[in-house]
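Those protein sequence lines, which keep their order, are chains A and B.
Take the first sequence: its letters are residues 0 to 247, numbered as in numbering that gives the first Met the number 0.
Take the second sequence: its letters are residues 0 to 347, numbered as in numbering that gives the first Met the number 0.
Honestly, the hints are just simulated from the structure, not real lab data.
Only pairs whose alpha carbons sit at most 27 Å apart, straight line, appear in this in silico DSS-like list of lysine-lysine: (1) K11/A / K216/B; (2) K11/A / K192/B; (3) K216/B / K192/B.
The model shown is predicted, which means the values in this text are computed figures rather than measured ones.
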Amino acid sequence: MAKVFRKPASFKDVSTNYCPGCGHGIIQRIVAEVVDEMGIRERTIGFPPVGCAIYLDLYLDFDMVQPAHGRTPAVATGLKRVLPDHIILGYEGDGGLTAIGTAEVIHAANRSENITIIFVNNAVYGMTGGQMAPTTLISQKTATTPLGRDLKRDGYPLRLCELLATLDGSAYLIRTAVSSPANVRKTKKAIRRAIEVQMEGLGFSMVEVLSPCPINWGLTPVEAMKWIDEKMIPYFPLGEFKSPNSRG
Amino acid sequence: MDKRVLMRGNDAIAEAAIRSGCRYYFGYPITPQNELTAYMAKRMPEVGGTFIQAESEIAAINMVYGAAAAGQRAMTSSSGPGISLKQEGISYLAGAELPCFYASVVRGGPGLGNIAPAQSDYFQSTRGGGHGDYRVIVLAPNSVQEMANLTMLGFHLADKYRNPAMVLADAILGQMLEPMEFKTPQFSPLPPKDWAVGNMEARPPRLISSLFLGEGKLEKHNLELKEKYEKIQAEEMRWEGFMLDDAQVALVAYGTCARIARGAVIQGRAQGVKIGLCCPITLWPFPSEFVGQLSKNVRNILVVEMSLGQMVEDVRLAVNGRCEVQLYGRTGGGIPTVEEILERVSRL
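Between the sequences and the hints, there should be enough to build the whole structure, so can you do that?
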């Protein structure tokens with residue numbers, strides 16, 4: 000019988016240590032599939048981010064450089080300047096990109112660095128135990144907003160795609176989700192496009208992926224997927240925010 | 000051999016870095032090292048190198064981390080307030096054992112302080128403001144010539160030991176002009192960078208990381224780092240002695256203070272004072288053995304610093320109570336004079 004579904008070669012033959020229902024496994028599998036399909040494994044460099052995906056190097060089978068929390072866009076800049084023909088593939092969460100590393104991502108985008116960032120937005124700090132992130136929704140309960148995020152005290156959830164879209168240096172910005180098979184396929188297509196944009200030298204590309212964190216949301220895996228569709232997407236609309244007309 | 004040129008200290012570091020094969024410079028403006036950044040902005044494109052003015056000192060040191068991970072000689076430079084921000088990245092570079100070079104051209108602190116020369120970042124440099132059990136190689140020039148020589152040495156030692164190395168200067172050394180020449184140093188061959196990422200066609204994936212989870216893993220890593228640091232201490236201590244043979248009083252000073260102290264020795268000797276100078280070139284590893292030996296031969300040691308007492312602690316550790324160690328320190332931009340030093344010596 001023909002094998003129609005198999006583990007991507009760029010994904011190591013191990014089990015992940017993610018919680019049941021976590022989105023990281025889906026997204027990392029997609030990354031591995033895209034890297035395989037594009038035949039770029041030997042020229043791809045990844046970045047295990049501070050957070051739940053810190054063991055990225057245990058799962059994805061290519062070179063990795065592990066930066067400090069939020070500094071991925073700066074480290075990626077240094078690497079890309081040395082290895083301009085390599086695919087520099089950042090992977091960070093909402094804490095890294097919309098809190099501690101906001102300056103680094105804004106300026107990497109503004110310099111139009113030819114790098115790609117996969118932005119996993121799960122509206123919470125996962126690894127440290129479910130604290131509020133800048134992307135936490137209003138009224139969402141977290142370890143540091145036990146009564147729900149308070150607009151007056153905590154401000155608004157931060158929309159990074161929309162923010163970076165104002166910069167001339169950003170080339171490709173898209174928000175997707177992994178809340179349904181259709182959305183997973185769109186996410187894969189987006190990651191592939193982002194890497195193509197990098198390979199074509201068109202500038203900074205980022206795919207923001209709305210991703211479930213059932214444990215810290217206090218939901219079942221199925222409820223968490225529904226929560227993305229019903230709560231997150233209305234505030235973080237899916238779609239392209241920037242796209243190059245490279246093939247005009 | 001190049002001909003002698005008149006060069007500014009900050010420029011000498013930059014040019015020496017380029018002659019050391021550094022093609023990646025990531026900086027952020029701060030006085031009193033701005034000439035270095037400007038020199039790199041002009042020179043890097045001429046040699047096919049990369050110059051980036053980063054959005055912050057934090058970003059600059061992390062760009063160094065990225066370039067170093069790919070196996071290239073990379074550097075940054077700053078002054079105390081900027082080095083404070085870079086310490087996060089320096090800790091990661093040390094933890095991941097990435098070679099890099101940086102220069103700190105010290106100004107007065109704490110806080111915003113001022114932009115006058117100071118040596119109040121000795122602790123910051125030799126102890127590190129970053130977290131964790133780590134060491135960086137700290138080289139202290141006292142002339143424009145040495146700014147260049149020690150920059151070249153810094154790049155070499157960084158690669159030799161896979162460790163950050165720095166030049167610790169001050170606003171005077173950074174700004175002053177002196178005749179010097181760029182010598183091509185004869186260094187021993189370096190090990191291949193068989194850990195760098197990129198171009199993984201014929202090998203398994205590599206990981207650059209300072210993360211060691213799992214029981215006992217970090218302790219093992221830190222003990223391996225300690226072994227490396229002990230090797231550096233055994234092999235790389237550098238210092239200069241001046242008129243110490245029959246000295247009863249030894250001055251200990253580095254950088255700008257070493258120049259002034261040298262003047263004090265010459266003038267003191269002319270007045271019949273048996274005085275000499277010990278000038279540490281490596282501040283880490285601190286030349287403890289030499290200073291320790293010195294304490295057996297002299298009656299008094301006077302440490303001269305542009306701080307209220309930082310290197311003096313290393314001197315006291317080395318001397319271990321064998322002779323009296325006193326401090327003459329100026330701070331906040333104050334510069335010791337020959338007269339002040341000799342007056343202080345007369346009261347020992």
